[in-house]
Amino acid sequence: MKLSELAEKTFSTIGQGSADLEITSAAGLDMAGGRDITFLANPKYTPQIMTTKAGAIFLNEGAAIDRDDIAVLRAKDAYLAYTRALREFNPPRGIEAFVHPTAVIDDSADVALDTEIYANVVIGKNCVIGRGVTIYPNATIYDGARIGPNSVIHSGVSIRENCEIGANCIVHNNSTIGSDGFGYAKDERARWVKIPQVGRVVLEDDVEIGANTAIDCASVGETRIKRGAKIDNLVQIGHSCTVDEDALICSQTGLAGSSVIGKRVILAGQVGIAGHLKVGDDAVLTAKSATSHDVEPGKVISGVPGFDNRDWLRSTAAYRKLGEMAQRLRAVEKKVREME
Amino acid sequence: MKLSELAEKTFSTIGQGSADLEITSAAGLDMAGGRDITFLANPKYTPQIMTTKAGAIFLNEGAAIDRDDIAVLRAKDAYLAYTRALREFNPPRGIEAFVHPTAVIDDSADVALDTEIYANVVIGKNCVIGRGVTIYPNATIYDGARIGPNSVIHSGVSIRENCEIGANCIVHNNSTIGSDGFGYAKDERARWVKIPQVGRVVLEDDVEIGANTAIDCASVGETRIKRGAKIDNLVQIGHSCTVDEDALICSQTGLAGSSVIGKRVILAGQVGIAGHLKVGDDAVLTAKSATSHDVEPGKVISGVPGFDNRDWLRSTAAYRKLGEMAQRLRAVEKKVREME
Amino acid sequence: MKLSELAEKTFSTIGQGSADLEITSAAGLDMAGGRDITFLANPKYTPQIMTTKAGAIFLNEGAAIDRDDIAVLRAKDAYLAYTRALREFNPPRGIEAFVHPTAVIDDSADVALDTEIYANVVIGKNCVIGRGVTIYPNATIYDGARIGPNSVIHSGVSIRENCEIGANCIVHNNSTIGSDGFGYAKDERARWVKIPQVGRVVLEDDVEIGANTAIDCASVGETRIKRGAKIDNLVQIGHSCTVDEDALICSQTGLAGSSVIGKRVILAGQVGIAGHLKVGDDAVLTAKSATSHDVEPGKVISGVPGFDNRDWLRSTAAYRKLGEMAQRLRAVEKKVREME
Numbered sequence: 034m035k036l037s038e039l040a041e042k043t044f045s046t047i048g049q050g051s052a053d054l055e056i057t058s059a060a061g062l063d064m065a066g067g068r069d070i071t072f073l074a075n076p077k078y079t080p081q082i083m084t085t086k087a088g089a090i091f092l093n094e095g096a097a098i099d100r101d102d103i104a105v106l107r108a109k110d111a112y113l114a115y116t117r118a119l120r121e122f123n124p125p126r127g128i129e130a131f132v133h134p135t136a137v138i139d140d141s142a143d144v145a146l147d148t149e150i151y152a153n154v155v156i157g158k159n160c161v162i163g164r165g166v167t168i169y170p171n172a173t174i175y176d177g178a179r180i181g182p183n184s185v186i187h188s189g190v191s192i193r194e195n196c197e198i199g200a201n202c203i204v205h206n207n208s209t210i211g212s213d214g215f216g217y218a219k220d221e222r223a224r225w226v227k228i229p230q231v232g233r234v235v236l237e238d239d240v241e242i243g244a245n246t247a248i249d250c251a252s253v254g255e256t257r258i259k260r261g262a263k264i265d266n267l268v269q270i271g272h273s274c275t276v277d278e279d280a281l282i283c284s285q286t287g288l289a290g291s292s293v294i295g296k297r298v299i300l301a302g303q304v305g306i307a308g309h310l311k312v313g314d315d316a317v318l319t320a321k322s323a324t325s326h327d328v329e330p331g332k333v334i335s336g337v338p339g340f341d342n343r344d345w346l347r348s349t350a351a352y353r354k355l356g357e358m359a360q361r362l363r364a365v366e367k368k369v370r371e372m373e
Numbered sequence: 034m035k036l037s038e039l040a041e042k043t044f045s046t047i048g049q050g051s052a053d054l055e056i057t058s059a060a061g062l063d064m065a066g067g068r069d070i071t072f073l074a075n076p077k078y079t080p081q082i083m084t085t086k087a088g089a090i091f092l093n094e095g096a097a098i099d100r101d102d103i104a105v106l107r108a109k110d111a112y113l114a115y116t117r118a119l120r121e122f123n124p125p126r127g128i129e130a131f132v133h134p135t136a137v138i139d140d141s142a143d144v145a146l147d148t149e150i151y152a153n154v155v156i157g158k159n160c161v162i163g164r165g166v167t168i169y170p171n172a173t174i175y176d177g178a179r180i181g182p183n184s185v186i187h188s189g190v191s192i193r194e195n196c197e198i199g200a201n202c203i204v205h206n207n208s209t210i211g212s213d214g215f216g217y218a219k220d221e222r223a224r225w226v227k228i229p230q231v232g233r234v235v236l237e238d239d240v241e242i243g244a245n246t247a248i249d250c251a252s253v254g255e256t257r258i259k260r261g262a263k264i265d266n267l268v269q270i271g272h273s274c275t276v277d278e279d280a281l282i283c284s285q286t287g288l289a290g291s292s293v294i295g296k297r298v299i300l301a302g303q304v305g306i307a308g309h310l311k312v313g314d315d316a317v318l319t320a321k322s323a324t325s326h327d328v329e330p331g332k333v334i335s336g337v338p339g340f341d342n343r344d345w346l347r348s349t350a351a352y353r354k355l356g357e358m359a360q361r362l363r364a365v366e367k368k369v370r371e372m373e
Numbered sequence: 034m035k036l037s038e039l040a041e042k043t044f045s046t047i048g049q050g051s052a053d054l055e056i057t058s059a060a061g062l063d064m065a066g067g068r069d070i071t072f073l074a075n076p077k078y079t080p081q082i083m084t085t086k087a088g089a090i091f092l093n094e095g096a097a098i099d100r101d102d103i104a105v106l107r108a109k110d111a112y113l114a115y116t117r118a119l120r121e122f123n124p125p126r127g128i129e130a131f132v133h134p135t136a137v138i139d140d141s142a143d144v145a146l147d148t149e150i151y152a153n154v155v156i157g158k159n160c161v162i163g164r165g166v167t168i169y170p171n172a173t174i175y176d177g178a179r180i181g182p183n184s185v186i187h188s189g190v191s192i193r194e195n196c197e198i199g200a201n202c203i204v205h206n207n208s209t210i211g212s213d214g215f216g217y218a219k220d221e222r223a224r225w226v227k228i229p230q231v232g233r234v235v236l237e238d239d240v241e242i243g244a245n246t247a248i249d250c251a252s253v254g255e256t257r258i259k260r261g262a263k264i265d266n267l268v269q270i271g272h273s274c275t276v277d278e279d280a281l282i283c284s285q286t287g288l289a290g291s292s293v294i295g296k297r298v299i300l301a302g303q304v305g306i307a308g309h310l311k312v313g314d315d316a317v318l319t320a321k322s323a324t325s326h327d328v329e330p331g332k333v334i335s336g337v338p339g340f341d342n343r344d345w346l347r348s349t350a351a352y353r354k355l356g357e358m359a360q361r362l363r364a365v366e367k368k369v370r371e372m373e
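Quick note, the sequences are listed as chains A, B and C, same order. Just so it is clear: in the first sequence, position 158 is 191 by my numbering, and no numbers are missing. Just so it is clear: in the second sequence, position 98 is 131 by my numbering, and no numbers are missing. Just so it is clear: in the third sequence, position 117 is 150 by my numbering, and no numbers are missing.
Everything labelled a hint here was simulated from the structure, so no lab data went into it. Accuracy of the hints is not assured; some may be wrong.
It does not matter which identical chain is meant; a pair holds if it fits inside one copy or across any two.
Stated by the list, open to error - Subject to a maximum C-alpha distance of 20 Å in a straight line, what follows is the list of computed PhoX-like cross-link-like pairs (lysine-lysine):
| id | residue 1 | residue 2 |
| --- | --- | --- |
| 1 | Lys227 | Lys354 |
| 2 | Lys109 | Lys158 |
| 3 | Lys311 | Lys332 |
| 4 | Lys332 | Lys296 |
| 5 | Lys227 | Lys158 |
| 6 | Lys158 | Lys368 |
| 7 | Lys354 | Lys332 |
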């Protein structure tokens, strides 16, 4: 692709270099070669500009560069422009319509014609599989489940009874959508009585679910992951939770039941969210933090239990010397006693 | 179901309303409609009594109510009564005996007649599958495994060699029962030598295992989950652990090897239990806590490493101002130096 | 096996007992019987020497024993010698070459003759499966993947496009090798744009991966797990990470993207490693710790964020009394004010 065409497709402008330069791929600063375009987004990596072998680079408007032997595309957001370039160079492969003969599809299921149903896929009663869907081998779709157009279900995934997957979703390998919520009442003998879990899970459009993640159905009603939310590997979403639009939930984070995660919230890795609470829109919980209280919109929270991130940074700095602080407190107490 | 019949089946008594009222389902305060029964267990939700559209409500004996347009069933434990109502309205579906023609069952396996064996299930040599068992698609039962009566194995589950599942167990999707314990010795070249893991896992009766959970077999001997224990999604149980009766282990908690979890212990979400220790009966570890020491029966433990929950609450409150405390300590030290 | 032969095979020497004693198996101190050999490595278990029913025991050179009715094999490292004994008594079972008729293998795949391909395994286009490989039921090997000689892939595993597994590897059940990395750029409407993940995962030789673990492919390039590294259950390895030789990563630990874990590093359970950092050779992160900075070689790190383990032990001890410390600080401040 010519640099000029790439600029157009990534909403960027040529800062230096020939409009006719041929670019064939995109890669990071350290891996890019002469026909690749790379990017600088984090100023921390600025020194690598001098050593990269890339033929071109996306730079944020205003970012300086001290070389003239590399083509430059200027963008409002170099990372976004790079992402778009990478998408141009790696378009999704087209669908070959087929149903592998070993797939087991119930007669009552409604499977669109232009789908890819791989070997050993099992599709239950009354399922509805939309146009352009790919289901990889050994995935299991329980009775009554629905998968919207152009979604991709990877091998080993289980989609439980009556769950609904929207359009353009991706569910990675070995994830479980719609397993029973973890709910029990204690009986008179202090034994656990299982609370029926007869609800379902709904993924709206453009949702991506990582590998080996588990999303529980509601006891009654539904667990809902809204449009554009992205969930990483090994995440736990408890029954009756709502994850709102464009939220981002990183690996190994867990939500107990009935919590509501707001729009564009970011939960970093290994975060814990207790049950029945609300994390407001645009809030961020940093890695390994947890909350058992509501979080206000836009707040950045850290620690267990979580509190304001700036306070937490101060507390963690002091914590490193807490043993010494305890000693110093004893010393000053002693002096004061002596002075009395 | 008439209110009077429901009262009888849930060991409750009519506090107000007509014995002939028809109730057809059960749901939470916010979701229930006119033919539903709901419940109030946590006083925090008392205000919702005024707005619920439920036709009836379970209340604890003694709990006040300011409405007379809703039927009331009084119970010792409203949550337990509600659970029982939900179970009445959602009885387990009956078994249709079948073996799907694509299931691969070794000739030496002993499979009871009235089982449901779904498509692409694989059952190895000398397995024993009891009466009333359901095995969903794409599950794999390795050689020598046994599954007791009325248990349910969901799709994608793997049950490894010689493991034993009791009666009335449920294993949710993509969980692994009996993978190798994580054990190595370091050799003379500082390389890891694998310790053979030739033991097995035993789940006793009435055990439920969530989705994407991994329970390792013992190196020698067994890992045992005792009667009535409940384990959530994405939990790690290391080799040779024992989880005693009616213990409850929440999502993303991990047990290293050879630990013993007592009866009715509750491990909340994302808890960590080090190896070779004992958590006494009825102890509770709150979310995200960890222990590398034995825990006495009945104790409530928090933090990393865990200590008494009330002390921990005090410590976490002070921790939020630890940066300020460090400053104040410096200030008082300075004053004392000046006064000397 | 005679004691003399066992001594030879475990590089140990007879300390007491008859060279002709027959030993048939190996087990822990509490489980061993008269024909078993056991071991003592951790002095904490020394009292159990008096009560063990084992016929023989491995002891470190120099370790005392007060019984003469038990055979003793002396070794430099009793635990390693015991491991070797256990391996002698539990040799790997041999390969029976077969391809189950329900396995679905693309014509373009190159599968060695002496492999075990179990029921419902699916192997995609252009895959290469080496000699002596075992693939258990319901595993899925995507197009272009390669599996080296003598490796074992357990049921439910997914190996994604173009990933490469070395020789003598084991991948336990329901793990995912090569799922998409978790990478998005935010667009002008604050929606997430997926960054293509077109790299792959390489496991070098002698790598073992636990159950329900997820290892993401790189966006561009590769995620690499080097020779001899061992990874436990439910671990997250983000895109473009490198795990160096003989590293040990325990259960539920997570690595964000692009981090490098050095040789022989030990990451204990539930550890978190942020992105784009380096953990030096032989470093140790204790359970539940996390780091967002580089870790120097050989350091032992604890806490969130992690710092020197000895300082952390002091800080955690003081932390238990932090509420009281806050009170004492207030008291001493008051006294000083009064004295002024």
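Is it within, between, both or neither when you check Lys227 against Lys354 at 20 Å Cα-Cα?
neither (48 Å within a copy, 40 Å between copies)
Intra- versus inter-subunit Cα pairing at 20 Å for Lys332 with Lys296:
within (13 Å within a copy, 39 Å between copies)
Is it within, between, both or neither when you check Lys227 against Lys158 at 20 Å Cα-Cα?
The answer is neither: 26 Å in one copy and 33 Å across copies each exceed 20 Å.
Between copies, within a copy, both or neither: which fits Lys109 and Lys158 at Cα up to 20 Å?
Answer is neither: 50 Å inside a copy and 41 Å across each miss the 20 Å cutoff.
Intra/inter-copy verdict for Lys158 and Lys368 if alpha-carbon distance must be at most 20 Å
Cα proximity of Lys158 and Lys368: none, with 80 Å in one copy and 77 Å across.
Can you tell me if Lys311 and Lys332 fall within 20 Å by alpha carbon in one copy, between copies, both or neither?
within (12 Å within a copy, 30 Å between copies)
Under a CA distance limit of 20 Å, which applies to Lys354 and Lys332: within one copy, between copies, both, or neither?
Result: close only across copies, 18 Å inter versus 28 Å intra.
Hints 1, 2, 5, 6 from the list above are not met by this structure, while the remaining hints are.
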